[in-house]
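*Asks:* One-letter residues, chain by chain:
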Amino acid sequence: GAVVSQHPSWVICKSGTSVKIECRSLDFQATTMFWYRQFPKQSLMLMATSNEGSKATYEQGVEKDKFLINHASLTLSTLTVTSAHPEDSSFYICSASHRGQGYEQYFGPGTRLTVT
Amino acid sequence: QQQVKQSPQSLIVQKGGISIINCAYENTAFDYFPWYQQFPGKGPALLIAIRPDVSEKKEGRFTISFNKSAKQFSLHIMDSQPGDSATYFCAARASGNTPLVFGKGTRLSVIA
Chain A
1 GAVVSQHPSW VICKSGTSVK IECRSLDFQA TTMFWYRQFP KQSLMLMATS NEGSKATYEQ
61 GVEKDKFLIN HASLTLSTLT VTSAHPEDSS FYICSASHRG QGYEQYFGPG TRLTVT
Chain B
1 QQQVKQSPQS LIVQKGGISI INCAYENTAF DYFPWYQQFP GKGPALLIAI RPDVSEKKEG
61 RFTISFNKSA KQFSLHIMDS QPGDSATYFC AARASGNTPL VFGKGTRLSV IA
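Order-wise, the sequence lines are chains A and B.
Count the first sequence with my numbering and you get residues 1 to 116, in order.
Count the second sequence with my numbering and you get residues 1 to 112, in order.
These aren't lab readings, by the way, just hints derived from the structure by calculation.
Watch out, some of these pointers could steer you wrong.
Unchecked claim - Cut-off 20 angstroms, straight-line C-alpha distance, at most; resulting in silico cross-link-like pairs (PhoX-like, lysine-lysine):
{"#": "1", "chain 1": "B", "residue 1": "104", "chain 2": "B", "residue 2": "15"}
{"#": "2", "chain 1": "B", "residue 1": "71", "chain 2": "B", "residue 2": "104"}
{"#": "3", "chain 1": "A", "residue 1": "20", "chain 2": "B", "residue 2": "104"}
{"#": "4", "chain 1": "B", "residue 1": "68", "chain 2": "B", "residue 2": "15"}
{"#": "5", "chain 1": "B", "residue 1": "104", "chain 2": "B", "residue 2": "5"}
{"#": "6", "chain 1": "B", "residue 1": "68", "chain 2": "B", "residue 2": "58"}
{"#": "7", "chain 1": "A", "residue 1": "41", "chain 2": "B", "residue 2": "42"}
{"#": "8", "chain 1": "A", "residue 1": "14", "chain 2": "A", "residue 2": "66"}
{"#": "9", "chain 1": "A", "residue 1": "41", "chain 2": "B", "residue 2": "68"}
{"#": "10", "chain 1": "A", "residue 1": "55", "chain 2": "A", "residue 2": "14"}
{"#": "11", "chain 1": "A", "residue 1": "55", "chain 2": "A", "residue 2": "41"}
{"#": "12", "chain 1": "B", "residue 1": "104", "chain 2": "A", "residue 2": "41"}
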């Protein structure tokens, strides 16, 4: 149980285009979903926290107009990277938490974004 | 401000040896301390976690030691195997539905 999926697993896009990444909790309803970014050989950096039906809370330094987060249901959150640039190339990872699991966070497999 | 400090940055251990990774935290509101294992190109996977009401937790070859007064916790991997070669992250969070704060990670290599 407690499986989180991400789609796509990897994506290549051209500079200036937008890319949407989906995060789904497959067998539980997620109270909250978190989005992280991880650069090579670095740790996970929290980008934003989203609760179903409400606006996401972004960490300091993360542009909310560039990284659009939509949490439309208890099982789906999306991250859209708008007007992507090569410096946005990174590994994006989501996690989902569930109150019934003591708010344990379950991580997705990640999405590798490359902007050319 | 780095709230969770992890060391060492990298570690090489002989097969069958003990791998030890240490973390220290600053925020006394933290009450949940998990360790994650991450393989290249994959998301992190929960390995073992501890709460501050116990000083040690063991699951198979993995043990967490927790020192509340020193605000430190460590991961011990007994009988380390080449398959344990991965990056390990400690993390911490306060009670409730709060985000995890991660250490910088330790790249473990277990050599035969």
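*Asks:* For this structure, which hints from the list above don't hold up?
*Replies:* Those not satisfied are hints 1, 3, 4, 9, 10 and 11.
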